[in-house]
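Engineer: Protein sequences appear in the order of chains A and B. Start counting the first sequence at 40; every next residue gets the next number (our numbering). Start counting the second sequence at 3; every next residue gets the next number (our numbering).
Think about it this way: if two alpha-carbon atoms lie no more than 25 Å apart in a straight line, the pair counts; the simulated DSS-like pairs of lysine-lysine are:
no.: 1; chain 1: B; residue 1: K371; chain 2: B; residue 2: K321
no.: 2; chain 1: B; residue 1: K132; chain 2: A; residue 2: K213
no.: 3; chain 1: B; residue 1: K132; chain 2: B; residue 2: K107
no.: 4; chain 1: A; residue 1: K229; chain 2: B; residue 2: K156
no.: 5; chain 1: B; residue 1: K133; chain 2: A; residue 2: K229
no.: 6; chain 1: B; residue 1: K273; chain 2: B; residue 2: K371
no.: 7; chain 1: B; residue 1: K107; chain 2: A; residue 2: K231
no.: 8; chain 1: B; residue 1: K316; chain 2: B; residue 2: K289
no.: 9; chain 1: A; residue 1: K213; chain 2: A; residue 2: K231
no.: 10; chain 1: A; residue 1: K242; chain 2: A; residue 2: K229
no.: 11; chain 1: B; residue 1: K156; chain 2: B; residue 2: K4
no.: 12; chain 1: A; residue 1: K231; chain 2: B; residue 2: K133
no.: 13; chain 1: B; residue 1: K316; chain 2: B; residue 2: K335
no.: 14; chain 1: A; residue 1: K213; chain 2: A; residue 2: K229
no.: 15; chain 1: B; residue 1: K170; chain 2: B; residue 2: K321
no.: 16; chain 1: B; residue 1: K133; chain 2: A; residue 2: K242
no.: 17; chain 1: B; residue 1: K156; chain 2: B; residue 2: K108
no.: 18; chain 1: B; residue 1: K107; chain 2: A; residue 2: K229
no.: 19; chain 1: A; residue 1: K213; chain 2: B; residue 2: K133
no.: 20; chain 1: B; residue 1: K142; chain 2: A; residue 2: K242
no.: 21; chain 1: A; residue 1: K242; chain 2: B; residue 2: K132
no.: 22; chain 1: A; residue 1: K213; chain 2: B; residue 2: K142
no.: 23; chain 1: B; residue 1: K77; chain 2: A; residue 2: K229
no.: 24; chain 1: B; residue 1: K132; chain 2: A; residue 2: K318
no.: 25; chain 1: B; residue 1: K77; chain 2: A; residue 2: K231
no.: 26; chain 1: B; residue 1: K108; chain 2: A; residue 2: K229
Derived from the structure by calculation, the hints contain no laboratory data. All values derive from a computational prediction rather than experimental measurement.
Spelled out, the chains give:
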Amino acid sequence: MWSKRSEWLITSSPFFWLLLFFLIPTLIVIAFSFKPSELYGGIGSGWTLETIGKIFTRSTARLLFRSTWIAISVTALCLFLSLPVGYYIGSLRGWRKHFMLLLIIIPFWSSFIIRIFAWKQLLHPEGFFHKILVNLNLIQPDATLLYTTSTVILVMVYSYLPFAILPIYASASKFDHHLLEAAYDLGMGKLKAFFMIFIPSIKNGIYSATLLVLIPAIGAYVIPDMVGGTHSMMIGNKIAEATFIERNIPFASALSTLMMSVVLLPLLLAAILQNRQDKAHAIKGGH
Amino acid sequence: MKCRLEFQNVTKSFAGVTACKNISFIVEDGEFFSLLGSSGCGKTTLLRLVAGFERPDEGRILLNGEDITDLPPNKRSINTVFQNYALFPHLTVYENIAFGLRIAKKPPSFIGQEVNKMLALIQMEEHAFKKPHQISGGQKQRVAIARALINRPKLLLLDEPLSALDLKLRQKMLLEIDLIHDEVGIMFLFVTHDQSEAMAVSDRIAVMHEGIIEQIGTPMQLYEAPQSSFVAAFIGDTNFLDGVVTERIGKEYSLAKIDGLSQKVQCYNDKNLKSSDLLHLSVRPEKIHITRTEPEPHPQINVLQGKVDDVVYKGDHTKYWVAVDDYRFAILKPNSRYILDGIPITWEENVYIWWHSDDGYMMERYSAKDEGLTELPSTHVGEIDSIEGIGEEHVE
Chain A
40 MWSKRSEWLI
50 TSSPFFWLLL
60 FFLIPTLIVI
70 AFSFKPSELY
80 GGIGSGWTLE
90 TIGKIFTRST
100 ARLLFRSTWI
110 AISVTALCLF
120 LSLPVGYYIG
130 SLRGWRKHFM
140 LLLIIIPFWS
150 SFIIRIFAWK
160 QLLHPEGFFH
170 KILVNLNLIQ
180 PDATLLYTTS
190 TVILVMVYSY
200 LPFAILPIYA
210 SASKFDHHLL
220 EAAYDLGMGK
230 LKAFFMIFIP
240 SIKNGIYSAT
250 LLVLIPAIGA
260 YVIPDMVGGT
270 HSMMIGNKIA
280 EATFIERNIP
290 FASALSTLMM
300 SVVLLPLLLA
310 AILQNRQDKA
320 HAIKGGH
Chain B
3 MKCRLEFQNV
13 TKSFAGVTAC
23 KNISFIVEDG
33 EFFSLLGSSG
43 CGKTTLLRLV
53 AGFERPDEGR
63 ILLNGEDITD
73 LPPNKRSINT
83 VFQNYALFPH
93 LTVYENIAFG
103 LRIAKKPPSF
113 IGQEVNKMLA
123 LIQMEEHAFK
133 KPHQISGGQK
143 QRVAIARALI
153 NRPKLLLLDE
163 PLSALDLKLR
173 QKMLLEIDLI
183 HDEVGIMFLF
193 VTHDQSEAMA
203 VSDRIAVMHE
213 GIIEQIGTPM
223 QLYEAPQSSF
233 VAAFIGDTNF
243 LDGVVTERIG
253 KEYSLAKIDG
263 LSQKVQCYND
273 KNLKSSDLLH
283 LSVRPEKIHI
293 TRTEPEPHPQ
303 INVLQGKVDD
313 VVYKGDHTKY
323 WVAVDDYRFA
333 ILKPNSRYIL
343 DGIPITWEEN
353 VYIWWHSDDG
363 YMMERYSAKD
373 EGLTELPSTH
383 VGEIDSIEGI
393 GEEHVE
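Just chain A, same shape as in the assembly:
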């Protein structure tokens, strides 16, 4: 009995916290999508489907599509970079490992905004990278490095990379390196063993890394706002615009609901499929 009660005590505080500051606000946002807007920024009375109807336009679709493919590219690049890094750090021992982890975490010690601003300075036409690339004759002097979709992707990869490296490192550090030796021993090449043995063994870390990068990337707002141009606007920017400039809270809510469903529905589907698979496995294997 005691353990049940203490379990409840431990769980209840974060539970109420999440209920109060996460679930209820989310429900409010969803509810606001069904409210009419007032001309001067308030929320109208009564319920309507008109606001939801307004988001199904060509421009929203384009925005959603762009947000999704930017987020997917960012996730793919982050995974591509973090797999070798995670593998490397996971295979280190002692102080070397801690030092490498420190290097990954150090950027978090300075403000996110300042780091994005630093990129702006680096990529500026008078900035460090621009000058170097011009001097190396890799770009024309009038080329722009800032305010393009590639800039947004570059800075997003930079910002989200630690969120991909850390879960992959965590899985990789539990990986038994003898498995790779066993694969070489049985005749497999090194690169093939990395993909056929290492990657499947750390798939949970890859799932976490994907979620941790993909979800914030779809809703990104600060990065496209600061380093992106008009052609790299994402759905987060549109929501901010609807909130702060048009002061149309119901429309912003409807867009947020749309974005949430785009992220959550595939996840929900994946969870259901996984669950069904686990059950089938449990029946077959007895474990």
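Let chain A serve as the given structure and place chain B on it in line with the hints.
Structural biologist: Below, chain B alone, put in the same frame as chain A:
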């Protein structure tokens, strides 16, 4: 075709620490060869050099006359059974065993046939479609062996394959490994820290200590004729008698004054030591007899009188420690009769101990610190800590 593994002056160090130094030996065709030693002696390094996971700093390794020193692991016809099995967790038993053949791109019908043969050999047919986490330790062990054997290697490496199993299962698996060796008939190179495992299955054993091979021989040679005090103390238990030769008796024997004993001891002198040469004898505890009555006098039997210091009853035998002058003998007496029929020798009794001169073996190399490896009861608490380098499990 004759096939053999040859080490030629192999040296390997890690970050300045020598793991093995100038190692040369040959494993003959079909031999079950063991590398035996405590943790850090270099045995695992030798195995990793053969597998190709490490490259030697100096020296060559030859398999079947061909230099394999620079070949990567996936190009050697050598397979390994890893200490913790290293079965692929995302593959079934069947897929694990089929792995090597699938990499080699063999036709599916051939793979199916070979895997089924292996499954039959290790009696795991009914578990073929389980994942490694669903089978027991002994079963994992068998799968690891089957997975390594399916490529028909010229040499099978076994890296402490039994260390993760409990005692009873370990003995059973050991016999199974021996049976599999008889079945496939290829060379087995077996790395272990457990001398009883090595003794039970090996054709020959190389005893390693601090990066060098102390002695190579059959289990019997190592036990009966240890060349160094390390081998004598590491394999089984022994009594070290140190002293000086005082006179020769005939061609083959000599008399020696032993430190701590007032009475002189006769021993077989196959090393041809001369008078006043230093001498180090190893006398195995079970070769010494212990009785209440004096034995019949015999020219080649050493008889000493002493007092029982300590007695440890171990079921099949009883171990006695008998003080003679300043020396303490370890003696092993088999309990072949129902012990309660007679009154067993016990603490503080005056006894005769005696052994045949041939049972004291002269060692060529002696190091005083090997005395710490012999089994003596502690006389005070904390003494155990001062005995180094034995029995510790190597944890990476």
